[in-house]
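Chains A and B are the protein sequences, given in the same order. Everything in the first sequence is counted per numbering that gives the first Met the number 0, starting at 0 for the first residue and increasing by one. Everything in the second sequence is counted per numbering that gives the first Met the number 0, starting at 0 for the first residue and increasing by one.
Keep in mind that the hints are not guaranteed to be accurate.
[To be verified] Taking beta-carbon pairs under 7 Å as the criterion, some of the chain B residues facing chain A (in silico):
1. 18
2. 21
3. 25
4. 52
5. 140
6. 141
7. 143
8. 144
9. 155
10. 209
11. 213
12. 232
13. 254
14. 268
[As the list claims (entries may be wrong)] Stretches of chain A that chain B covers, calculated by requiring three or more beta carbons in the stretch to come under 8 Å of a beta carbon on chain B:
15. 239-249
16. 253-264
17. 276-285
18. 404-418
19. 500-509
20. 545-554
Keep in mind that the hints were calculated from the coordinates and are not lab data. Don't be surprised by glycine CBs; every beta carbon is placed ideally from N, CA and C.
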Amino acid sequence: MTIDEVGLADPSAKRVGREGSAGSEGSSLRGLVAGIVGRPIAFGSAIFLIAIILACLAAPLIAPYDPLHQNLSEAMMLPSPAHILGTDDLGRDVFSRLLYGGQPAFLGVLVGSLACFLVGVPLGLVAGYGGRKLDSVISAVGDLLLSIPSIVVILAILAVFNHNIAAPMATLGILTSGGLLRVVRAVTLEARDQLYVRAAKVSGLGPFRILFRHILPAVAGPALVQLGIFAGVALTLQAGLGFLGLDVPPPNPSWGNMIGEAAHVISNFPWLLVPSGGIVALTTLAFGLLSDGVHDTLSNARKAISIGTRRSTHAVRGVPARSQGAGADSEASTVEAPVLDIADLRVSFGAGKVAVAGVSLACSAGEIVGLVGESGSGKSVTSLACLGLLPGNATVTAQRLAVNGVDVIGFSERQFRDIRGSEIGYISQEPMSSLDPSFTVGSILREAVRRHEPRLDRRQREQRVLQLLAEVQLPSPEVTVRKYSFELSGGMAQRVCIALALAGRPKLLIADEPTTALDVTVQADILDLLRQLRDRERLTIVLVTHDLAVVADICERVIVLQNGKVVEQASTDDLFSSPQHDYTKSLIAATPNILVA
Amino acid sequence: MTGLITRRIVVSIVVLIVVSFITFIVQSFIPGDPARAILGTTGTPQQYHELVKTLHLNEPVAVQYLEYMSHLLRGDLGSSLFNNEPVASQLLQRTPVTLSLLVPSTILLAVIGVVLGTLSVTAPRPIARIIDVFSLLGLAMPNFWLALLLVSAFAIAIPLFPAVGYTPLASDPVAWAIGLALPVAALTVAGIANVAKITRDGMLESLNSDYVRTLRASGFSSASIVWKHGLRNSGISIVTILGITFIGALSGSVYVEDVFALPGLGSLIVTATNQHDIPVIQGVALDFTLIVVVLNLITDVVYIMLNPKTRR
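Required output: the full structure, derived from the provided sequences and hints.
Shown next as structure tokens:
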């Protein structure tokens, strides 16, 4: 990274705000230190930095030789017991010069960091807390500072104050404070709306008190991360200025001018490059790793996603299929084979978190089955397991998990991809966020049609897209194809999602809370649509929901889940008129105004 | 859309003015007498007074600044205090050299950075790990040190590339490219790490989103999901980091030009700093800023194209 890159748009600013400060790992200094100690790489970096700073400060005490002492008879020697890092072209001990040379380096980092901190933090706090006008002015100034290529200003300053260490580093700090400002402002904005700050305001605390007491602690962590990044940048710049001969005047050593000297003898004695540049690289690395560690401590690291080779383990079933399957098949052969056939499904996430503990169910063609339960009952996990869309740390086992007669246990990602959209479709709860915001409705649907019906030409594909939109009863398909998801209402977006799910003509549709995020009037329309689609295409629909009113409206059969197990299965009429299980009874009791037909 | 562009142009003009002002003010801090410094020990009192008059040295700073700006707007950037060469012509000569270094570097680091960043998310663990480590190392190494290491390895030990020097594109394209190989490599590495990191963050966010789950559930191929949908949605943050990295490369070019003795803007400003040649420093500062301003304009246009909300 170089000097102008410190003001990155930093995702951590958003993330920290969302986590809040209460309860997260880095909310106190003790928590932060514990977090660093628990992360070996960050901890190692911290130890390294402390060691090297102390060593450089203690140079007069521990350096084996005078850094300026020349001995031409011992020039350009590789490391030996007498000189553990060798000697330079004038016979001076490299190790001693490195120790002394670290002093201007760290002094520069300190001055720069202080300047950045003293400008960035207060301005960021004021921008975040002080109201819109102040915010826009300060943010504009910060962005302006970041737009200036700082190297030119620094060199201009050096033309005047040459061989000065503090001036250029302070300038760097001020110019790049825009990045720190941005982060502090973001955290302040987030913190300002937290309940505890509002409470403090209401109880009469003045703004300075609030800023100091309540907001500064939240800011401290992300500010530290930015400063860690800045330290690395500052060190590299300091070394660069030394390399150009613009910092400490020779013969005094600095890490930068040692690299410069190494450059002069590069043809004869390339070894000199290694200790001089190596120490700068290692120290910069340590700053970076430490600030990464602080960052991770503050916001939980993202889990791995399951695209590509990282997928959930759909393990092979525990009991041989033949013996079990024979019995089930003989029963099923008298009626049509079930579209969805699940026997003893178990899903767990990591050690001990069991989401589904032995679920068995079957749905036949043209049925609308409700999968009911409260949050955490395992209904969504069950449905996602059929699609192979569980996160990478899920372990899925079952005696049988068959979609249209094909057992998907042990399926690879590629095998799942073959059946998704063509055998089994899926719509989810949030239609607006379920459509890629960067592409038009038409673009997404065209790609889906191309995927499932590759032999169509462009005109046929376009017709199919319009047909799909008409099937979900969207009023003007030719207009809708050109729209983006943010231009649609919730109901329209859900219809588009249904069209997308049906593009590959699947026989089974999993609808995961399809109406929960919609207005009540729109809910009825969407449920009507689903019913019509079932009537027309003989579609099997598994409706996952916590809302018994929806079940009463559209489902013929209901399966009730509690804590990952099926507690009751019955037709809708039977379930509502004579519920057997206590849990079912309490669910019905908790739902107001169900009219049983 | 025109509103955004107008705003950007206004900001750019402000930035240019600010930079010119800063470098101008800095000059007034130089101890001693500029006229005396130019004339040296030779020069009659007559010549001295003439020079003071020409340089407006006795007038208030504000007047001097206005004089400077009026010359600037006419394309007159003054002359080097050192060798009297007009600054403007030096800038014209040297800017293409610096751009020859910057533009290929930026393109390379964009492509390689995005690919590596995406692979670090989708590839199997060991490869992702290796990419992470390389990114970390790339960011930590000072680019001039990397340049020296490259010279030591590929120009001295194994004489594949020239250690110093520059061949203009017009006279010999092949030599131009070979001569730029090591400098571009040195400049690109740190930038790759930055772009890779932001791409990775953006891709993680996209690939964990609801709409990607819908695309997967609809049977879209992972190639399409990752490289078409995931990348497109990370587009804005990637373009942002590319802009920032370009500015970083601009600063880095100063060192790289020094190591490889490339006759560009960077080596010019370093020499000028050592010689306290203020008009040259001011000229290069403005030139750099102009490059940044043009880049920001391009970035803004790309933003507008990428974000469907602004196109409506």
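Against the structure, the hints come out as follows:
1. 18: Holds. Min distance 6 Å.
2. 21: holds (6 Å)
3. 25: holds (5 Å)
4. 52: violated (24 Å)
5. 140: holds (5 Å)
6. 141: This hint holds: residue 141/B lies near chain A, its Cβ roughly 5 Å from the closest one there, short of 7 Å.
7. 143: holds (5 Å)
8. 144: holds (4 Å)
9. 155: With Cβ-Cβ at 6 Å, under 7 Å, it holds.
10. 209: holds (4 Å)
11. 213: With Cβ-Cβ at 4 Å, under 7 Å, it holds.
12. 232: holds (5 Å)
13. 254: Cβ of residue 254/B sits 5 Å from chain A, so the hint holds.
14. 268: Result: holds, 6 Å to nearest chain A Cβ.
15. 239-249: holds (count 5)
16. 253-264: holds (count 3)
17. 276-285: With 6 residues closer than 8 Å to chain B, the stretch 276-285 of chain A meets the three-residue bar; holds.
18. 404-418: Answer holds; 4 residues pass the 8 Å Cβ test.
19. 500-509: holds (count 3)
20. 545-554: violated (count 0)
Of the hints listed earlier, those the structure fails to meet are numbers 4 and 20, in rising order.
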